[in-house]
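Let chain A serve as the given structure and place chain B on it in line with the hints.
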Amino acid sequence: MGEKRIVYMDHSATTYTKKEVLEAMIPYYSEHFGNPSSIYSIAGDSKKVIDAARVQVAKALGADTDEIYFTSGGSESDNWAIKGVAFANRKKGNHIITSAIEHHAVLHTCKYLEKEGFTVTYLPVDKYGMIDPADLEKAITEKTILVSVMFANNEIGTIEPIAELGAVAHNHKVYFHTDAVQAIGNVPVDVKEQNIDMLSLSAHKFYGPKGIGALYIRKGMKIENLIHGGGQERKRRAGTENIAGIVGLGKAIELATADIDGHNRHIQGMRDRLLQGILTKISGSHLNGHKEKRLPGNINVSFEFIEGESLLLWLDDEGICASTGSACTSGSLEPSHVLIATGLPVEISHGSLRLTLGDINTEQDVDFILEVLPKVVSRLRDMSPLYRKSG
Amino acid sequence: MYSDTVMDHFKNPRNVGEIENSDGEGEVGNPVCGDIMKIFLKIENNIITDARFKTFGCGAAIASSSMATELVKGKTLEEAWEVSNKAVAEALDGLPPIKMHCSVLAEEGIHHAINDYRKKHGLEPWVERNPHPRDHHEDLIADH
Numbered sequence: 000m001g002e003k004r005i006v007y008m009d010h011s012a013t014t015y016t017k018k019e020v021l022e023a024m025i026p027y028y029s030e031h032f033g034n035p036s037s038i039y040s041i042a043g044d045s046k047k048v049i050d051a052a053r054v055q056v057a058k059a060l061g062a063d064t065d066e067i068y069f070t071s072g073g074s075e076s077d078n079w080a081i082k083g084v085a086f087a088n089r090k091k092g093n094h095i096i097t098s099a100i101e102h103h104a105v106l107h108t109c110k111y112l113e114k115e116g117f118t119v120t121y122l123p124v125d126k127y128g129m130i131d132p133a134d135l136e137k138a139i140t141e142k143t144i145l146v147s148v149m150f151a152n153n154e155i156g157t158i159e160p161i162a163e164l165g166a167v168a169h170n171h172k173v174y175f176h177t178d179a180v181q182a183i184g185n186v187p188v189d190v191k192e193q194n195i196d197m198l199s200l201s202a203h204k205f206y207g208p209k210g211i212g213a214l215y216i217r218k219g220m221k222i223e224n225l226i227h228g229g230g231q232e233r234k235r236r237a238g239t240e241n242i243a244g245i246v247g248l249g250k251a252i253e254l255a256t257a258d259i260d261g262h263n264r265h266i267q268g269m270r271d272r273l274l275q276g277i278l279t280k281i282s283g284s285h286l287n288g289h290k291e292k293r294l295p296g297n298i299n300v301s302f303e304f305i306e307g308e309s310l311l312l313w314l315d316d317e318g319i320c321a322s323t324g325s326a327c328t329s330g331s332l333e334p335s336h337v338l339i340a341t342g343l344p345v346e347i348s349h350g351s352l353r354l355t356l357g358d359i360n361t362e363q364d365v366d367f368i369l370e371v372l373p374k375v376v377s378r379l380r381d382m383s384p385l386y387r388k389s390g
Numbered sequence: 000m001y002s003d004t005v006m007d008h009f010k011n012p013r014n015v016g017e018i019e020n021s022d023g024e025g026e027v028g029n030p031v032c033g034d035i036m037k038i039f040l041k042i043e044n045n046i047i048t049d050a051r052f053k054t055f056g057c058g059a060a061i062a063s064s065s066m067a068t069e070l071v072k073g074k075t076l077e078e079a080w081e082v083s084n085k086a087v088a089e090a091l092d093g094l095p096p097i098k099m100h101c102s103v104l105a106e107e108g109i110h111h112a113i114n115d116y117r118k119k120h121g122l123e124p125w126v127e128r129n130p131h132p133r134d135h136h137e138d139l140i141a142d143h
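Here the protein sequences come in this chain order: A and B. First residue of the first sequence? That's 0 in numbering that gives the first Met the number 0, and the numbers climb one at a time after it. First residue of the second sequence? That's 0 in numbering that gives the first Met the number 0, and the numbers climb one at a time after it.
Mixed in with the good hints there might be a few duds.
Stated by the list, open to error - Under the rule of at most 27 Å between Cα atoms (straight-line distance), these lysine-lysine pairs were calculated in the BS3-like manner:
no.	chain 1	residue 1	chain 2	residue 2
1	A	LYS3	A	LYS280
2	A	LYS82	A	LYS142
3	B	LYS85	A	LYS374
4	A	LYS172	A	LYS191
5	A	LYS292	A	LYS137
6	B	LYS10	A	LYS3
7	B	LYS10	A	LYS280
8	A	LYS126	A	LYS292
The set of hints was computed from the structure by calculation and includes no laboratory data.
So that you can see chain A by itself, here it is in the shape it has in the complex:
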């Protein structure tokens, strides 16, 4: 008896908020509620904790404290970085370079800018999802003002050669932005060493709360504001500060970056066993993404002859939370742009499954999925007209 077993393996979608993080946040909803812009002394506390959180974020990124700006999350940070640089530098040029596998927060922002008279180059990726710095070198023109390439891909987990890409951009005196939403806590980040001018992050991807993120902006950058209004965030980002969120972000990033190697060893061990088990137990299954250069918790596999949404519905029935790149869950009827960019045939892209491990997973979770998944795949294959044809 007891509650139904839930195995959560969708940490790239979001994570739970750690207890220590939540406990640090709660006082800023109740006793310390003062608006940091107010003059009375109780508001002074709010200002102090914002500054303390800024130090925590700066330290995690190897940045200076006054280069960190709090935002509402990854999407706002991406919008600000790209539109802000585009509008501030349009006299210099109207060309932006990004990649074909970016998150929609970047891709749709670039599409919007195309309507506003900018031209955008979408760099291709190889079959592992890797971007070649030589392709970036070739794409840069006199009109290029910004390069935006994600640190690590959310679907297939591929980690991009960020320092090299940043160096290419800097050789041409072009700004370099990276969406590091998936990377924080999983990959060591140092904005100075890795030639990064702007970096987006979001707390709920590393055991912090939703609705809070940050943008690192290197000192001296020419960038317009996105949110206009009051003088918060040193007149760069208006709006009364989300103090509890900021405190949570600071605490979460401190915890997430304290021991990246130790965290990764734990997660990666389980991930590798799960992946190996899936590929061995289920014929016609393939790994998507890079074998080594991938996020420690990420598995993305395709199963031939079946469709991803049916797979997720059955897994959900068994208490397993996962994702797919199939069209049928996106609301658009088109399969994942990331899988298509890696050259995966469209029909195979429909049968993809993403499992992303995190802190709460155990070896028992791995065993459970290895027990359930082969049964579910075989049940769906038994009713697939494609299986018999090819099988």
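For chain B alone, coordinates are given in the frame of chain A:
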């Protein structure tokens, strides 16, 4: 997202499988679009005595195949021809708007299987009275 009836027909699909020496078969859809449906009919004295399916597709595609085969069993070919995609969706207590094409696919699958039977018997295939626009399928192919 799905009604209880859709989930029931997805999790306990009726009539899964093939019919050996079937009297009519229809295959519709395209793996590139993420759904392909194969319908098998057993027909005696102009009546559908058995209907089975195999489907590659999402939950709605599997549930629509299951419901469509249930609806045509025991019907004359004329009656079965009139089972519309709307009837399939209604019997499932509705489908999300973006999944309506799955019920269209089920209707087309039944039509293809009936016309396969008619052709085998030297009869003129029936014409779709309200041909469905080729919904998303060709658009998708054009996109890629």
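We went through each hint and held it up to the structure:
1. A:LYS3 to A:LYS280: 25 Å, holds
2. A:LYS82 to A:LYS142: With a Cα-Cα distance of about 16 Å, the restraint between LYS82 of chain A and LYS142 of chain A holds, given a limit of 27 Å.
3. B:LYS85 to A:LYS374: Violated - the C-alpha atoms of LYS374 of chain A and LYS85 of chain B are around 33 Å apart, more than 27 Å.
4. A:LYS172 to A:LYS191: Holds, at roughly 15 Å.
5. A:LYS292 to A:LYS137: 24 Å, holds
6. B:LYS10 to A:LYS3: 18 Å, holds
7. B:LYS10 to A:LYS280: 23 Å, holds
8. A:LYS126 to A:LYS292: Roughly 13 Å between the alpha carbons, so the hint for LYS126 of chain A and LYS292 of chain A holds.
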